Amino acid sequence: MLDIKNLSVTFNDGRPGMAVRGINLHMEAGDTLGLVGESGSGKTVTAHTIAGLIEKDNATVSGEVFFEGRDLLKCTVEEMRLLQGKDIGVIFQEPMTSLDPLMKIGRQIEETVKLHCKFTSEERRNMAIEVMKLVGLPEPDLTYKKYPHQLSGGQRQRAMIASAFITHPKLLILDEPTTALDVTVQAQIIELLKRLNEKCGVSLLFISHDLRVVRRLCKKVAVMYNGEIVEYGDTEQIFNDPQHEYTKELVAAVSAGRRVNA
Amino acid sequence: MKKSPNYNLIIGCTLTAITISIIALGYFWMPFNPDTMSSTEKSIGPNLKHLLGTDNFGRDILSRVMQGAGTTLSIATIAVSIGASFGTLIGGLTGYFGGAVDEIVMRINDAVTAFPSILLALVVISITGSGRTNIIIILGILFIPSFARVIRGEFAKQRYMDYVRNAKLMGVRNSRIMFVHILPNIAPVLLSSIAIGFNNAVLAEASMSYLGVGVATTESASLGRMLLDSQAYLFSAPWQALSAGCAISILILGFSLISEGLGYRPMWRPTTKRRHKSHA
Numbered sequence: 001m002l003d004i005k006n007l008s009v010t011f012n013d014g015r016p017g018m019a020v021r022g023i024n025l026h027m028e029a030g031d032t033l034g035l036v037g038e039s040g041s042g043k044t045v046t047a048h049t050i051a052g053l054i055e056k057d058n059a060t061v062s063g064e065v066f067f068e069g070r071d072l073l074k075c076t077v078e079e080m081r082l083l084q085g086k087d088i089g090v091i092f093q094e095p096m097t098s099l100d101p102l103m104k105i106g107r108q109i110e111e112t113v114k115l116h117c118k119f120t121s122e123e124r125r126n127m128a129i130e131v132m133k134l135v136g137l138p139e140p141d142l143t144y145k146k147y148p149h150q151l152s153g154g155q156r157q158r159a160m161i162a163s164a165f166i167t168h169p170k171l172l173i174l175d176e177p178t179t180a181l182d183v184t185v186q187a188q189i190i191e192l193l194k195r196l197n198e199k200c201g202v203s204l205l206f207i208s209h210d211l212r213v214v215r216r217l218c219k220k221v222a223v224m225y226n227g228e229i230v231e232y233g234d235t236e237q238i239f240n241d242p243q244h245e246y247t248k249e250l251v252a253a254v255s256a257g258r259r260v261n262a
Numbered sequence: 001m002k003k004s005p006n007y008n009l010i011i012g013c014t015l016t017a018i019t020i021s022i023i024a025l026g027y028f029w030m031p032f033n034p035d036t037m038s039s040t041e042k043s044i045g046p047n048l049k050h051l052l053g054t055d056n057f058g059r060d061i062l063s064r065v066m067q068g069a070g071t072t073l074s075i076a077t078i079a080v081s082i083g084a085s086f087g088t089l090i091g092g093l094t095g096y097f098g099g100a101v102d103e104i105v106m107r108i109n110d111a112v113t114a115f116p117s118i119l120l121a122l123v124v125i126s127i128t129g130s131g132r133t134n135i136i137i138i139l140g141i142l143f144i145p146s147f148a149r150v151i152r153g154e155f156a157k158q159r160y161m162d163y164v165r166n167a168k169l170m171g172v173r174n175s176r177i178m179f180v181h182i183l184p185n186i187a188p189v190l191l192s193s194i195a196i197g198f199n200n201a202v203l204a205e206a207s208m209s210y211l212g213v214g215v216a217t218t219e220s221a222s223l224g225r226m227l228l229d230s231q232a233y234l235f236s237a238p239w240q241a242l243s244a245g246c247a248i249s250i251l252i253l254g255f256s257l258i259s260e261g262l263g264y265r266p267m268w269r270p271t272t273k274r275r276h277k278s279h280a
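Residue numbers (this note's numbering), protein chains in the order written: chain Y, 1 to 262; chain U, 1 to 280.
Watch out, some of these pointers could steer you wrong.
Stated by the list, open to error - In silico PhoX-like pairs for lysine-lysine, Cα to Cα no more than 25 angstroms straight-line:
id : chain 1 : residue 1 : chain 2 : residue 2
1  : Y       : K104      : U       : K157
2  : Y       : K74       : Y       : K104
3  : Y       : K118      : Y       : K86
4  : Y       : K56       : U       : K157
5  : Y       : K56       : Y       : K104
6  : Y       : K86       : Y       : K114
Just so you know, these hints were derived from the structure itself, not from any lab.
Please read all numbers here as calculations on a predicted model, not as lab measurements.
Assemble the whole structure, with the sequences as input and the hints as a guide.
As structure tokens, then:
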């Protein structure tokens with residue numbers, strides 16, 4: 001479904017080196033792929049490139065990103081706009097600032113539907129309430145009318161997921177969706193994503209630096225280091241038998257952390 | 001914790017509401033015809049018949065102030081609407097899209113702002129001739145740069161906010177992002193600059209009339225013109241100058257307080273009923 005071939009990104013604004021150096025990734029429908037790596041390893045740039053967020057005057061992008069047979073890098077802005085939100089949903093790290101502070105939650109969740117499909121406002125409202133139930137937002141009827149500042153961080157992230165999920169996209173790109181949340185809420189969001197993946201078959205491209213979260217959610221994992229994918233395979237296999245030096249360190253760091261916590 | 005009320009906004013709104021209702025009243029009813037002269041009642045001080053007295057032609061000053069303030073306010077309103085709408089449009093487009101067009105438009109903006117606006121208005125008026133319509137158009141155009149600058153800054157700031165990026169990712173059109181998402185979020189800034197714009201417009205209109213290039217005396221009474229005419233009688237009939245001057249001051253004070261109040265704490269922001277702590 002998603003096929004990335006030899007993708008490279010170089011920024012033109014004087015940042016040295018390539019942000020992404022010829023990576024290859026492949027995802028089937030229903031896959032959960034974790035993209036892990038340290039800050040600056042290029043994982044977010046990769047996600048942004050797939051999502052069409054890289055402005056073409058700022059960066060040189062080469063390679064191919066096939067989504068259901070279409071090369072996203074060759075799509076026009078308008079074609080991309082029609083894909084965004086409908087087939088590809090993106091969720092960011094910061095649920096606090098990712099919602100329009102002056103628009104009611106329900107209307108923000110509906111917005112994607114409003115843009116991409118033709119439904120009456122009544123139907124849209126029902127869809128929004130439905131998806132709000134699905135993501136576990138409490139009292140959907142009341143929450144529908146609330147403003148973002150009236151929700152907690154976890155609820156906002158749920159609202160973000162709801163707004164990305166209402167159109168039933170085929171691929172959800174999650175850029176560190178749990179980083180800004182505390183651990184218990186993190187666990188809930190991971191459970192929610194897992195459920196969405198299992199029940200609705202949405203593919204998840206999950207970007208994180210938190211290996212434990214990736215391990216709980218993703219079947220496959222790609223480890224990025226310095227713009228390259230250094231290791232790629234089944235999550236358990238990589239965790240139990242890391243090959244690359246950097247992966248070994250990552251896994252060791254997580255287990256060391258666990259020992260201290262215990 | 002109980003918050004102290006926003007006195008600036010309350011007093012400003014009350015003051016403006018009172019002046020606007022007096023002006024509105026003037027469109028339907030005035031104590032006297034503002035243009036009727038009377039040779040027997042020249043330069044009489046304030047009394048029960050003429051609450052603000054009469055001028056050197058025996059015209060009722062209260063009626064003239066009502067009409068003059070109406071003229072000033074209507075000119076200011078239309079000029080500010082022109083400035084604000086075009087300014088928002090230009091500022092929004094340049095701020096949101098950035099790039100070379102942004103640079104060019106903003107430098108033109110700088111060039112226009114470099115001239116004192118009254119002076120520029122005087123030059124244009126001397127070419128096109130005075131009159132209500134000309135003044136409105138010229139003031140409107142002169143107000144565009146200041147609005148454009150403020151709005152551009154806000155759009156440029158909001159454009160990188162996560163919610164805008166997010167809206168883009170959902171496939172929201174740029175026009176919708178600009179006017180449905182960003183515009184409401186910069187409303188506090190826009191509204192307080194509109195209030196400041198009003199001040200400037202009232203002042204500019206009054207100064208131009210005072211300099212004799214404003215609204216023609218034959219068209220309608222004007223506060224600035226009244227100031228000019230009453231100059232000669234400043235000591236013999238001070239109520240003339242005082243009435244016109246106070247009217248201008250009250251108009252401006254009302255709008256200043258509103259803009260001050262808006263900057264201090266917007267009142268229309270959505271609030272939670274069971275909010276325990278203030279969100280800074």
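Outcome of the hint check:
Distance restraint check for K104/Y and K157/U: the Cα-Cα separation of roughly 22 angstroms lies within the 25 angstroms cut-off, and the hinted pair is therefore satisfied. Between K74/Y and K104/Y the alpha-carbon distance is near 35 angstroms, which puts this suggested pair outside the 25 angstroms criterion. Taking the CA atoms of K118/Y and K86/Y, the gap is near 13 angstroms; set against the 25 angstroms cutoff, the hint holds. Only pairs whose Cα atoms come within 25 angstroms are accepted, and K56/Y paired with K157/U is accepted, the gap being roughly 21 angstroms.
In summary, the hint linking K56/Y to K104/Y is not supported, as the alpha carbons are separated by about 33 angstroms, beyond the 25 angstroms threshold. This hinted pair checks out: K86/Y and K114/Y have alpha carbons roughly 11 angstroms apart, not beyond 25 angstroms.
Comparing the model with each numbered hint stated earlier shows that hints 2, 5 do not hold.
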